[in-house]
Amino acid sequence: MKYYQPQSVNEAIEIAYSSQGIFLAGGTDLVLQMQKRKIQPKALIDLGRIPELHEIKETKEYIEIGSMATFSEMGKSKLIAEKASSLWLACQTMGSPQIRNQATIGGNLGNCSPAADGLPPLLALGTEAVLISGEGEKQMPLADLLGQTPLLSPGTLIVGFKIPKIHLLSGFAKLGRREALAIARLSVAVALELDGSKVGNVRVALGAVGRRAFLSDSLAHVLSQREFNESWLELGISQIQGVVRAALGDRASAPYKRVAVAGVFREAVASLRRQGGLDK
Amino acid sequence: MKKRGIGLGCAWYGTGYGNGFPDVSSAFVEIHDDGSATVLTGAVDVGQGSNSIFAQIAAEELGLRAEDICVNTADTDVTPDSGTSAATRQTYNTGNAVLKAVRQAKSRLLIYAAREFSCPTPEGIELKSGYIGVKGDPSRRMILGDMVFKARLNGERLISAESSTARSTPVDLTTGQGAPYWPYSFGCQAAEVEVDTETGKVKVLKVIAVHDVGKALNPTQVEGQIAGGVTQGIGYALLEELELQKGMIKNPAFSSYLIPTALDVPKIEAYFVEEAEESGPYGAKGLGEPAMLPTVAAVINAIDDAVGVRITSLPATPEKILQALAEKKEELG
Amino acid sequence: MMVIECIVNDKKYVLEVDPQERLLDVLRNHLGLLGTKEGCGEGECGACTVILDGKTVNSCLVLAGQAHNSVITTIEGVGNRQSPHPVQKAFVEVGAVQCGFCTPGMVLSAKNLLDKNPHPSDEEIGVALSGNLCRCTGYDKILRAVKLAAEEGK
Amino acid sequence: MKTEVVGSRALREDSWGKVFGQTKFPADVNLPNQIYGVVVRSPHPHARILNINSEEAMKLEGVAVVLTANDVPHNSHGVLFRDQPVIADYVRMVGDPVAVVGGETMEIAREAAERIRVDYEILPAIFDPEEAMKPEVPPLHPELQSTNVLYHLPIRRGSMEEGWAKADVVVEQVYKTQHVDHAFLQPEAVLAYLDERGHMVVQTATQYAHYDRGEIAHALGFRYSQVQVKTLAVGGAFGGREDISLQIIAALLALKTQRPVKMENTREESFYSHSKRHPMTMYYKTGAAKDGKLVAMQAKIIGDAGAYSSWSINVLRKSAVHATGPYEIPNVEIDSFAVFTNNPYTGAMRGFGAAQTVLAYESQMDLLAKKLGISPLEIRLRNCFQVGSITATGQELTSSVPLDQCLAKIAPYFRREVETP
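Residue numbers (the UniProt record's numbering), protein chains in the order written: chain Y, 1 to 280; chain W, 1 to 333; chain D, 1 to 154; chain X, 1 to 421.
By construction, these hints were calculated from the structure, which means they are not laboratory data.
For glycine and all other residues, C-beta sits at the position ideal for the given N, C-alpha and C.
Please note that a few of the clues may not be correct.
Claimed, not checked - What follows is a list of derived Cβ distance ranges for each label pair:
# : chain 1 : residue 1 : chain 2 : residue 2 : range
1 : Y       : Lys78     : W       : Lys250    : 38 to 46 Å
2 : W       : Ala276    : X       : Glu130    : 42 to 50 Å
3 : X       : Asp128    : Y       : Ser153    : 44 to 52 Å
4 : X       : Gln258    : Y       : Met1      : 19 to 27 Å
5 : X       : Pro142    : W       : Glu156    : 30 to 38 Å
Said to hold, decoys possible - One side only, chain D facing chain Y, incomplete, derived with CB under 7 Å:
# : residue
6 : Gln20
7 : Val57
8 : Leu114
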């Protein structure tokens, strides 16, 4: 097996084309799958040495996060804490310190586990994914990308994410079996705009409810343009339980998850309120 | 909603192999020319710290520090059989064997020293702080090593082999009557939990553990056993379960067979009661297993106290708790 | 095979490795640094924790190639009997060591925490050690030891 | 008695080596020219082995040897009965070793293990102990018992009729516990070699070196004096290192190849190569009088022994003896059973049978307290053992029974918390 460490995105794309190798981000999932021989790549293209992929920065319209930003880096970023707090929250509880130091947001999307911690917040925040391949660079809503099968065509590199600076308030909660090193059994990210006491443009994304994280259109519809109060919360709970019911059907985990999502939604909203300084 | 509750659990535990099985430990001891000593025993230190306990026992008897004792264990070419490191038996059983062996090796030295000090009986001799001398007469003492060296030049060999056997009888096969174990250890724990009634998640906030140890030979190690036991007990009560499908383990990995992490452990307060067990070394009895027993009961009882549901099958998963809450709601109409 | 260069415990190495090899195997098999333990091979237990470029990682999830041009600290590079690291000293004094299999990884996670945050809160200590499983101690004395090491550093 | 060193917080000598990473666990020792052993395990819970084809494995360069049941001089081991094969030709659980490969590297040995083809005649398997204990079910170990009930201990004390007559409140409940793994952090590992004396030296982590020596000597046909088991640092045990795991297999490979042999379990292999905590189903009925005194208890305890006996008899005995909890009950009827199934075998684990019954008897105490309208603390204080108490097995507790003192220490905390609204 060949091992490459390109210094630039273009170099990486070229190597991918010529070697038919696969991209290695943090490696916390890929290395395991290689150990178990579930994946036996012809070549590995380690993206760790491409400086631009590590950047976390603010531009006029976006918070931009390079695909190789680790969960620790995001979790320590003041920018993300202030302007993408649901993502920041997800970074605090993902895996363990060691995993957070290694795992990247790009890898989280590339591996695309149903329980991927980073995806529901990015979805709720209306994130655009930036991809590049031999055919050039393109930008598309993450929600659309997650609707595609396969997720990425071979040789496509995830460059990073652009979070529009619209949703100043966002929250996240995750239900795991234990307090650390827990795979999400359910996760909920909520983002919204608050105009006085009225909420607009609500976006709710769920993780570990089905094959991939998804954004719920129906929740967005029902919960937008209302007073932000207790009855809004209760409406949200009953609606999200319906969403989980519909998404899980008769899967073994359904009876539990469709009830438990109430507590997760409540906590996600509570975290949003705290982040927004609404509970002081 | 998050609700809090507190639960109590008591337990008892008969230590040793029990049921009349010959529960024997052995130890060899040699006191060296400089007064330091080596203890050989088959007992394995599996991490619980038995080697330190044996060093402390030998040091106590010889008036030395624990670090003056070499404890070499569990090499079948070298050490005598001391039974398994299980059944909460090494402190008690092998501790007794070491104590007997050290006293035996020491007894020759005492006899020799009594002659040296013109003391009519070895009862009048004591070993303390690296010295050997006449009890109550600080002017008549000698560095222990010097006395041992002298004794050896005069042909004394301060070596010994001893065994200790726990008392136990088989129970009657038709009535179960008998005295199968000795001694028994006791303990109780209180657990405070918080139950999320929406997700069914249980968080253990605090555990108070009080255990009967006869005598704490090393309080640090007693506390260590208790905290370790409590944590395993929490895993047993809430997290751990081997999922079997037609005899096949579906979760043979630490990512799917979950044990508690540092963040799953509550504040643990460990206390112990010291009421000497006459048959134990310095009154000690074992604690390894008893430390984890009451936890599961304390947690399960605390869940009931918090939300009024009785979980009867382990582990108390969020699924089981939510289901029990739903059933309770139905019952109440 | 590929050649990697790295600095391990202040010593520079140039090694020929299979790129699929894990850093854990490189440390144990090529360099004989056996203090780094393998408990699960899937990044769950933290027994193989090392500090790579200032961050703790599970060396069972890092490929040799990823360690190219990096600076690594293993337990062998932390302290010794003549001058133990404050964390090591505290672990012994408090009684945070039982079977000892998790200990090297725990010490490295704790050291790394204190390097970056010399006065951590109890919660920060718990989080810093949450990727290191221990089955013997119940973590209680380990958490206390880290706290003691931090206090002694004040 | 006044003591100085005993009772002090003396430091553990071994902890220094452990904090510096110097301590040698079995995975950390190696010898020049060693080969690596890997076990092929059965994916079936109950099967007869018809044929093992190792041709493809032997074709691989660097494969030293493949061993099967026929290669073991005395193919059995076990703590109570030698009912467990070193290498099975008849499989009773998933994970039974059916072949062993020795290779020049761990990778070669693993690759070769995957190439071994085993033909099984799959036999009907049983997983529910209550099913398995029915007399018409064929026994898994006919050489030990004519049914799958390996052990039954009845405990009878007093008169149940009188007991129930005195009971003002009765609670009846079924409790279940699960299979639990020891999850010690250090997976099993062994280094085995013949030394210059011709003795078999086995360096490993075990709970009982002398037992291991006996089992290795028995299986290989050696004198005890020619087998040395040297225990290295043990990375946690909790009962999971009581039975033999890799020790005999490694020694056998060393004997057959006359080379040092290293074996290391992966975590997954570890799950399959040691015992588990017994799951138990416990049927409990307990009665108390109005004054809070326990008057009668009836319990039926069924423990899943899995495929081999290991310590099951002793474990279920311990369950029975401790089934009342630390309380005086004059009228008691307990029946405890250990039952073979095709589940992973169960054996010793911290608590050893007493860790299951505590769920049952302490739950019963709280349920009774609720019915009686007294506090959980009160009902325990009224019934707990004291010096002079008689247990369900008729044993008089003659000294050091300070449960009341333990409860007294915990009481203030408990009362305070209870009073908090």
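Results of checking the hints against the structure:
no., hint, result
1, Y:Lys78 - W:Lys250: 38 to 46 Å, "holds, 43 Å"
2, W:Ala276 - X:Glu130: 42 to 50 Å, "holds, 45 Å"
3, X:Asp128 - Y:Ser153: 44 to 52 Å, "holds, 50 Å"
4, X:Gln258 - Y:Met1: 19 to 27 Å, "violated, 36 Å"
5, X:Pro142 - W:Glu156: 30 to 38 Å, "violated, 60 Å"
6, Gln20, "holds, 6 Å"
7, Val57, "holds, 5 Å"
8, Leu114, "violated, 13 Å"
Hints 4, 5, 8, counting from the list given before, are not met by this structure.
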